[in-house]
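J.: When you get a sec, could you build the whole thing from the sequences and use the hints?
Residue numbers (our numbering), protein chains in the order written: chain A, 1 to 549; chain B, 1 to 323.
Any given hint could turn out to be false.
Below, simulated EDC-like cross-link-like pairs (lysine to aspartate or glutamate); rule was C-alpha separation at most 16 Å, straight line [unchecked claim]:
hint, chain 1, residue 1, chain 2, residue 2
1, A, LYS327, A, ASP483
2, A, LYS72, A, ASP91
3, A, LYS261, A, ASP98
4, A, LYS108, B, ASP94
5, A, LYS318, A, ASP353
6, A, LYS60, B, GLU232
From the derived model, a few chain B residues whose C-beta atoms are all more than 12 Å from chain A [claimed, not checked]:
hint, residue
7, LEU101
8, TRP163
9, LEU168
10, PHE221
11, GLU230
12, VAL235
13, ALA245
Non-contacting residues of chain B with respect to chain A, defined by C-beta distances greater than 12 Å in every case (computed) [unchecked claim]:
hint, residue
14, ASP48
15, ARG89
16, VAL126
17, GLY189
18, LEU190
19, LEU223
20, VAL264
21, PHE308
Derived by calculation from the structure, the hints in this document are not laboratory data. Note that the structure is predicted; figures quoted are calculated from it, not measured. For each residue, glycine too, the CB sits at the ideal point set by N, CA and C.
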Amino acid sequence: MISPQVPLLEVKNLNVSFGHHHVVQNVSFTLTPGSCLALVGESGSGKSVTARSLIGLAGKHSKVSAQTLAFKGTDLLSLNQRTWRNLRGKDLGFILQDALTSLDPLRKIGREIDDALRIHTQLSPTTRAERVIELLMSVGLDDPEVRAGQLSGELSGGMRQRALIASAIALEPGLIIADEPTTALDATIAAQVLDLLGALRQQGSGMLLISHDLAAVSRVADDIAVMHNGRILESGSAEQVLGNPQHPYTQRLLAAVPAGKPRHTRLSVQPLIKVPGLEPTPQVAVAPDEPRYPVLTAHNLSKSFKMPNGASFTAVHKASFELLPGKTLSVIGESGSGKTTTARMVLGLLKPDTGAVTLFGSPWSKLSEAQRRPRRPQLGAIYQDPLSSFDPRFNVGQLLADALSFGATRSSRKHLTRIKELLNLVGLESGFITRNPATLSGGQRQRLAIARALAPNPRVLICDEPVSALDVSIQAQVLDLLDDLQRQLGLSYVFITHDLSVARHMSDDVVVMRRGALVESGPTEEVFTAPAHPYTRALLAAAPEVLRS
Amino acid sequence: MTPGTHTKPVRRLSRAAYWVLGKFGGGVFVLWAVATAIFFGIRMIPGDPAEAIMGGPGSQASAEALAQARADYGLDQPLVVQYFSQLLRLVTGDLGTSYSLKSPVAEVLTELVPPTITLAVLSLIVAWIIALFVAMASIRSGPVGRALASGLEIVSAAVPHFWLASVLIMLFSTSLGWFPPVSTQSATGLVLPVTTLALPLAGFLGQVMRDSMLDAHTSAFALSARARGESEGGVMLRHALRHAALPGIALSGWAFGSLLSGAVVVEAIFARPGLGRSLLSAVTARDVPMVTGVALLSAAAYVIIMAFSDLAERIADPRMRAS
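T.: Pasting the structure below:
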């Protein structure tokens with residue numbers, strides 16, 4: 001055992017720079033055996049670089065310096081390459097974010113897990129093979145013998161992440177560094193992986209958890225350090241940082257988390273930029289006593305696809321729902337549950353096998369594309385990855401002119417007033433007109449995507465995972481924007497998301513999908529407070545929440 | 001995937017059988033197409049084939065002798081009859097008798113094939129070694145080394161064989177006297193022809209292999225491997241090399257074909273016996289059976305090599321077997 005005086009990991013004034021670019025500045029923390037420290041920050045905060053410099057892999061062109069950088073009292077800065085390699089995989093376990101790219105697609109899972117054993121031990125191949133099976137079992141994979149012989153491409157996301165964890169803990173390292181270990185996973189799978197990491201900690205390993213997700217880390221972390229622009233702004237026990245945040249940035253970060261925030265409450269602090277004299281004219285505002293016919297209905301929608309092996313795969317099975325004017329209907333479910341297929345049928349991009357979609361009371365999915373085209377402006381769509389939906393040769397003005405003229409012109413001059421109005425509506429300055437979308441930040445791109453979707457004055461917007469790729473504070477701004485626009489313009493939303501707290505914050509009604517079927521639907525608060533279906537209950541139990549105690 | 005696991009071996013066996021049958025059928029089709037194209041292509045060249053049999057227009061053969069030659073080689077029969085009787089002969093493995101050499105084509109070919117195959121296989125191996133070596137060296141030496149390697153590869157890929165051969169002869173044979181300018185059966189005689197064929201190919205292979213090697217070298221799975229304690233050499237050996245080899249293997253079937261056509265030039269320049277040089281002289285002498293024989297043999301070689309490179313790709317890339 002290590003004496004309590006010597007911490008497992010001691011970092012004092014760590015600095016990392018690439019050329020003149022200082023990515024990490026004066027970062028200090030200590031980690032004791034069996035405890036878990038979470039380093040929380042948004043993209044570009046320097047948290048991943050910090051993690052990599054702890055295993056000596058910050059990159060060829062990095063310059064790492066520190067007052068103290070010690071693992072179990074050993075000075076890491078003075079190590080040569082050979083000693084580093086002896087530490088990595090044996091005493092320091094490292095788990096990377098995306099298990100699809102973090103496991104060699106050409107090697108069998110068993111071989112990847114065997115690596116650390118082969119490099120650091122003298123065990124015979126047979127003993128190592130047995131150990132690999134044990135490891136696969138210990139991370140909760142079924143059929144470990146079969147899994148060991150499979151390629152990473154043959155496993156699901158959760159199984160891959162477990163296999164990657166197995167490869168990092170093969171020699172029971174004293175310190176486990178996990179860089180966003182659950183980001184690419186569905187909520188129920190992420191919860192399982194976090195529990196697995198928590199269990200490792202109970203076996204005595206110290207853990208450094210790198211994450212952007214406050215809710216996820218609150219499940220396992222003892223201490224939390226909040227990073228921004230390469231510095232630690234605030235650190236302390238999890239209860240203290242989450243329950244009584246001192247730094248304004250932490251407060252803003254916590255405010256931006258949609259979990260537990262009622263509908264129509266603001267998540268972001270800064271108000272949207274408003275250009276005087278360009279206030280958008282309110283369009284169809286729904287009168288309260290007007291009879292509320294649904295703007296969009298889906299009745300008995302089914303769609304199946306042919307798989308490469310000839311079998312038929314039912315993506316959506318008999319889905320029915322309706323969207324009321326000025327309201328938001330969320331479609332929630334994990335990946336592969338049929339959400340996007342449903343969205344594509346609603347948009348008229350995919351022909352349903354059975355059932356029909358109606359728009360404003362008249363047929364929609366049954367029309368031919370030629371009949372549908374004149375009515376397409378009524379229905380807009382925004383997607384998770386806006387950049388891939390922009391023509392890379394178009395600048396912002398051209399993109400919007402193209403959408404405003406239904407593809408007739410790219411000249412932004414003709415539609416200048418309306419383009420400025422649209423940009424203003426989504427909180428972008430008119431200076432953006434000449435910018436290329438590739439130079440915009442993630443949040444700005446999503447705002448542009450919303451502006452483009454609004455160009456033909458749609459009444460209904462289909463939003464397919466619109467904030468899934470965004471940092472929490474940017475997500476807050478985009479959610480606030482969508483909420484503002486809904487009230488300003490009387491829009492109705494179909495909101496597709498895997499994130500339950502976003503769905504709860506944004507919607508009036510929800511439908512829960514599982515393996516293509518609607519398992520539950522109803523008013524949001526009803527479904528969330530009294531879920532009827534066991535699957536909904538399981539989803540809710542796994543949903544990350546910021547635990548403050 | 002789990003429920004059907006136990007039935008997998010049966011399905012895989014039948015899939016392999018399908019694969020072999022498909023390759024075989026495709027190969028037969030290619031050979032038939034080549035035989036047909038050559039048969040009709042040669043008939044379209046103006047001039048009398050009987051004259052070619054008798055030794056060309058300069059031989060002053062008599063009308064009787066020409067008629068006799070036509071009757072001997074079946075040239076007096078209708079074209080369709082000639083075509084089918086030739087196909088029938090080819091199926092039975094009879095490639096006919098060379099007009100110019102007056103000996104069975106099959107015999108001539110068995111003599112000529114080994115030197116050409118030696119040349120092509122050696123060139124392919126040397127090209128692989130050069131390409132891998134340059135790729136590995138350039139990845140370790142940073143962006144400047146990579147730019148240099150890329151430039152070298154483009155230049156060598158663009159260099160024509162005849163020019164490269166002349167330069168190599170001038171440098172290593174005429175000036176330095178290290179290697180003979182005429183390719184003999186000895187090992188030193190192979191150095192210059194092999195280098196001539198291998199360098200441009202190494203440029204091509206190097207371009208694609210270096211790209212995928214660099215991708216693998218900087219990938220998340222390589223970082224994971226390093227985090228498990230893998231050395232740089234280990235990352236190269238267990239991860240990067242395999243990823244680099246994939247596009248190289250995919251290109252090697254095509255590369256072998258280009259080596260066979262390159263051999264025509266190289267064998268002529270280095271006065272080396274082989275298929276290429278014989279094809280050249282057979283074409284000039286309008287030796288129809290010889291041209292047909294060489295073309296069919298090249299096509300067969302190409303079909304076999306393509307099947308092998310496909311097989312090698314399946315072995316190197318387990319994803320192709322899994323999907």
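J.: Work down the list of hints and note, for each, if the structure agrees.
T.: Results for each hint:
1. LYS327/A with ASP483/A: holds (10 Å)
2. LYS72/A with ASP91/A: holds (10 Å)
3. LYS261/A with ASP98/A: Between LYS261/A and ASP98/A the Cα gap is close to 30 Å, so the pair fails against 16 Å, i.e. violated.
4. LYS108/A with ASP94/B: Roughly 49 Å between the alpha carbons, so the hint for LYS108/A and ASP94/B is violated.
5. LYS318/A with ASP353/A: holds (10 Å)
6. LYS60/A with GLU232/B: holds (12 Å)
7. LEU101: holds (50 Å)
8. TRP163: holds (39 Å)
9. LEU168: holds (38 Å)
10. PHE221: PHE221/B not clear of chain A: closest Cβ-Cβ about 4 Å, inside 12 Å.
11. GLU230: The assertion about GLU230/B is violated, with a minimum of 6 Å to chain A.
12. VAL235: violated (10 Å)
13. ALA245: Contrary to the label, ALA245/B does not stay out of reach of chain A, its closest Cβ about 10 Å off (not over 12 Å).
14. ASP48: holds (57 Å)
15. ARG89: Non-interface label on ARG89/B holds, nearest chain A Cβ at 44 Å vs cutoff 12 Å.
16. VAL126: Nearest chain A Cβ is 26 Å from VAL126/B, so the label holds.
17. GLY189: holds (40 Å)
18. LEU190: holds (35 Å)
19. LEU223: Non-interface label on LEU223/B violated, nearest chain A Cβ at 6 Å vs cutoff 12 Å.
20. VAL264: holds (37 Å)
21. PHE308: holds (20 Å)
In this structure, the hints that do not hold are numbers 3, 4, 10, 11, 12, 13, 19, in rising order.
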